[in-house]
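Novice: These are the residues of each chain, in order.
There are 4 protein chains.
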Amino acid sequence: MSNVLVVYATDYGSTKKMAEVIAAGAQDEGAVVVVKAAEEATAEDFLAADAVVFGSPVHMGGPDWRIKKLIDTVTSGLWMKDALSGRVGAIFATGSNFGGAGGGAELTMLSMMNNLAELGMVLVPFPKHTPGYRDGGLQWGAYAQTHDKDMQPQGANEAQLAAARHHGANIAKVAALTAGKLSFAK
Amino acid sequence: MSNVLVVYATDYGSTKKMAEVIAAGAQDEGAVVVVKAAEEATAEDFLAADAVVFGSPVHMGGPDWRIKKLIDTVTSGLWMKDALSGRVGAIFATGSNFGGAGGGAELTMLSMMNNLAELGMVLVPFPKHTPGYRDGGLQWGAYAQTHDKDMQPQGANEAQLAAARHHGANIAKVAALTAGKLSFAK
Amino acid sequence: MSNVLVVYATDYGSTKKMAEVIAAGAQDEGAVVVVKAAEEATAEDFLAADAVVFGSPVHMGGPDWRIKKLIDTVTSGLWMKDALSGRVGAIFATGSNFGGAGGGAELTMLSMMNNLAELGMVLVPFPKHTPGYRDGGLQWGAYAQTHDKDMQPQGANEAQLAAARHHGANIAKVAALTAGKLSFAK
Amino acid sequence: MSNVLVVYATDYGSTKKMAEVIAAGAQDEGAVVVVKAAEEATAEDFLAADAVVFGSPVHMGGPDWRIKKLIDTVTSGLWMKDALSGRVGAIFATGSNFGGAGGGAELTMLSMMNNLAELGMVLVPFPKHTPGYRDGGLQWGAYAQTHDKDMQPQGANEAQLAAARHHGANIAKVAALTAGKLSFAK
Numbered sequence: 174m175s176n177v178l179v180v181y182a183t184d185y186g187s188t189k190k191m192a193e194v195i196a197a198g199a200q201d202e203g204a205v206v207v208v209k210a211a212e213e214a215t216a217e218d219f220l221a222a223d224a225v226v227f228g229s230p231v232h233m234g235g236p237d238w239r240i241k242k243l244i245d246t247v248t249s250g251l252w253m254k255d256a257l258s259g260r261v262g263a264i265f266a267t268g269s270n271f272g273g274a275g276g277g278a279e280l281t282m283l284s285m286m287n288n289l290a291e292l293g294m295v296l297v298p299f300p301k302h303t304p305g306y307r308d309g310g311l312q313w314g315a316y317a318q319t320h321d322k323d324m325q326p327q328g329a330n331e332a333q334l335a336a337a338r339h340h341g342a343n344i345a346k347v348a349a350l351t352a353g354k355l356s357f358a359k
Numbered sequence: 174m175s176n177v178l179v180v181y182a183t184d185y186g187s188t189k190k191m192a193e194v195i196a197a198g199a200q201d202e203g204a205v206v207v208v209k210a211a212e213e214a215t216a217e218d219f220l221a222a223d224a225v226v227f228g229s230p231v232h233m234g235g236p237d238w239r240i241k242k243l244i245d246t247v248t249s250g251l252w253m254k255d256a257l258s259g260r261v262g263a264i265f266a267t268g269s270n271f272g273g274a275g276g277g278a279e280l281t282m283l284s285m286m287n288n289l290a291e292l293g294m295v296l297v298p299f300p301k302h303t304p305g306y307r308d309g310g311l312q313w314g315a316y317a318q319t320h321d322k323d324m325q326p327q328g329a330n331e332a333q334l335a336a337a338r339h340h341g342a343n344i345a346k347v348a349a350l351t352a353g354k355l356s357f358a359k
Numbered sequence: 174m175s176n177v178l179v180v181y182a183t184d185y186g187s188t189k190k191m192a193e194v195i196a197a198g199a200q201d202e203g204a205v206v207v208v209k210a211a212e213e214a215t216a217e218d219f220l221a222a223d224a225v226v227f228g229s230p231v232h233m234g235g236p237d238w239r240i241k242k243l244i245d246t247v248t249s250g251l252w253m254k255d256a257l258s259g260r261v262g263a264i265f266a267t268g269s270n271f272g273g274a275g276g277g278a279e280l281t282m283l284s285m286m287n288n289l290a291e292l293g294m295v296l297v298p299f300p301k302h303t304p305g306y307r308d309g310g311l312q313w314g315a316y317a318q319t320h321d322k323d324m325q326p327q328g329a330n331e332a333q334l335a336a337a338r339h340h341g342a343n344i345a346k347v348a349a350l351t352a353g354k355l356s357f358a359k
Numbered sequence: 174m175s176n177v178l179v180v181y182a183t184d185y186g187s188t189k190k191m192a193e194v195i196a197a198g199a200q201d202e203g204a205v206v207v208v209k210a211a212e213e214a215t216a217e218d219f220l221a222a223d224a225v226v227f228g229s230p231v232h233m234g235g236p237d238w239r240i241k242k243l244i245d246t247v248t249s250g251l252w253m254k255d256a257l258s259g260r261v262g263a264i265f266a267t268g269s270n271f272g273g274a275g276g277g278a279e280l281t282m283l284s285m286m287n288n289l290a291e292l293g294m295v296l297v298p299f300p301k302h303t304p305g306y307r308d309g310g311l312q313w314g315a316y317a318q319t320h321d322k323d324m325q326p327q328g329a330n331e332a333q334l335a336a337a338r339h340h341g342a343n344i345a346k347v348a349a350l351t352a353g354k355l356s357f358a359k
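If you're matching them up, the sequences are chains A, B, C and D in order. Quick note, the working numbering runs 173 ahead of the 1-based positions in the first sequence. Quick note, the working numbering runs 173 ahead of the 1-based positions in the second sequence. Quick note, the working numbering runs 173 ahead of the 1-based positions in the third sequence. Quick note, the working numbering runs 173 ahead of the 1-based positions in the fourth sequence.
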């Protein structure tokens, strides 16, 4: 069993929905999951988690500023203390199909994964054999086109939600194998 | 007037086709354009160019190794001599719609743009108001989904080719304004 | 002549100092420069600028959240209108020498450059022949190690300030050549 | 116990030396390690490994083209078959202190990590509390400044070699916990 924290920023609810589906996937693997908006997550939430998942809409090619504020003002203190080293990290994002090339999803994902790496966390990828991958992601994490080619809202489709759920399950699997057992060199 | 060099790697011809369309767009703006496969481009080709455009299929999330070999073995010597400083650089890519999130297009583009930045080149973006953008690119450059969601070949569509052509025109516009006039601090 | 806007986030004043030095470099080339903290910059400031420079300390491997808040809440509206397309963009950063490998400077720079590319701006690199480069930057922009290997404050050194000043001059040179003359395809 | 494969490209031997030190660190944790030059690594080498480590000098801001050729021509086939999903991946790099900002180390590391993520591998970070980190790395992996601020060779120093060795140990620890036990959703 492991504890998973899913932290998201959301504008209209689509990213929150993805967070909840990832949480359900982690629960499928026996994890106890807490889902929090970025504005509400605390240092204690992170300290209680074996795995942390960040999720954000793509805004101007990067994560929502509320995610970055959380990282700068809350997790930076945990970084100073190496408090999350050896735990598990993963990410997901939402965006539009405008341009047909991800619309900045990759750098958005990397920006969040970057923070998890700084925290010393083992990073869970998004393997291409994941059910739903064809419609819902790239190597760094699950991705739902919640807006279409004309930037109009359409919500995540079934395949994208399935992909996100399996991503949550994968994260819980890694956490279950490593929780409390991984102590990196000091 | 300006001289533009377009260098590409191609497997089945789609990226070569995109290179030719970008060349046509640059010619629309009065540029003299040379199009070369990565295996054939020489230091002299680069030295004769006011603007350089790199294009590649997305392979395992990065540029084709032939592009990187060219950069390591040919342009690195020009970097040592600062020979291309103040000229113009831009990029494009091709890939599949598998995953619906760009499939690694962004890091592929950045890897190429990175090399152009190292060479001291002014970088031309791909503005969202470009005709065809809706189907063909992200902020770093033009992108054609030459393969579909199942990784089957489909070639670039009309919108993607239009986007690429306008990208070529934009590149030539920047080159026309700056060619021979931009001397960075030494 | 051109108008340059330099926008920074600062904690202890080092990044502000870098912003002022970049401004001085742009003035050396005849630019009229406005320097603003991220919290104070307005849409009007951006609209009045031929070139925009973003600068930030490296925080957890990315830009300060105040820079991202500005981008999400102010420049995103300009992106919707394509209001800054064809103008000039550049970036700089500050950080520590902890690790000896940039400490996250590159992704921090790319995150900011990313936003400028989204806005359709021509991007100014940081050529390796820039005076002071040996101590003060990488291909994407000027960088000052304002903190040492033990994360203790030391301020930017003379070489780093010289590099930043020349970066400002380079930015103004590109702006002078292109201001009001560059209209990308629509 | 786990099997670790370390694959490197090297010009003058410094990156090979780092590869050997990382191998020694993995052996410290009981791993059986194979070290191979990129030109010599085969699909069988990858299939026999529970963990794969890529290492490269920074060349023009990216990995050596021989690493990319290996990825495009050897591991791409394993990606098609999802043959390495659920295994462990990590990276390291070497470069110069020219510029004092990593000299392109971060994108070089990300380019390699990117390929490992595509393969569906769990990624091992480089925690800041690692002995030697102060001189030898960033969040993505170990890094040795084998060349100085003037790009002259100096080899990896003791702290950097220690950091690399501990990175190897960390990689083996993750592999030991997960080898043969991690089956991602299909």
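Treat the hints with care, as some may be off.
Same chains, same names: a pair is fine if it fits in one copy or spans any two.
[As the list claims (entries may be wrong)] Capping the alpha-carbon separation at 27 Å, the derived lysine-lysine pairs in DSSO-like fashion look like this: (1) K189 x K209; (2) K190 x K254; (3) K322 x K359; (4) K354 x K322; (5) K322 x K242; (6) K322 x K209; (7) K354 x K242; (8) K354 x K190; (9) K354 x K209.
Hints in this document: simulated from the structure, not taken from any laboratory.
Novice: Compare the structure with each hint and give your call.
Specialist: Comparing the hints with the structure gives:
1. K189 x K209: Result: close within a single copy only, 9 Å intra versus 34 Å inter.
2. K190 x K254: For K190 and K254, neither the intra-copy (32 Å) nor the inter-copy (29 Å) Cα distance is at most 27 Å.
3. K322 x K359: So K322 and K359 pass the 27 Å test across copies only (18 Å; inside, 49 Å).
4. K354 x K322: Close neither inside one copy (45 Å) nor across copies (31 Å); limit 27 Å.
5. K322 x K242: between (29 Å within a copy, 25 Å between copies)
6. K322 x K209: neither (29 Å within a copy, 33 Å between copies)
7. K354 x K242: neither (30 Å within a copy, 37 Å between copies)
8. K354 x K190: neither (32 Å within a copy, 30 Å between copies)
9. K354 x K209: Only inside one copy: K354 and K209 sit 26 Å apart there, 30 Å across copies, limit 27 Å.
In this structure, the hints that do not hold are numbers 2, 4, 6, 7 and 8, in rising order.
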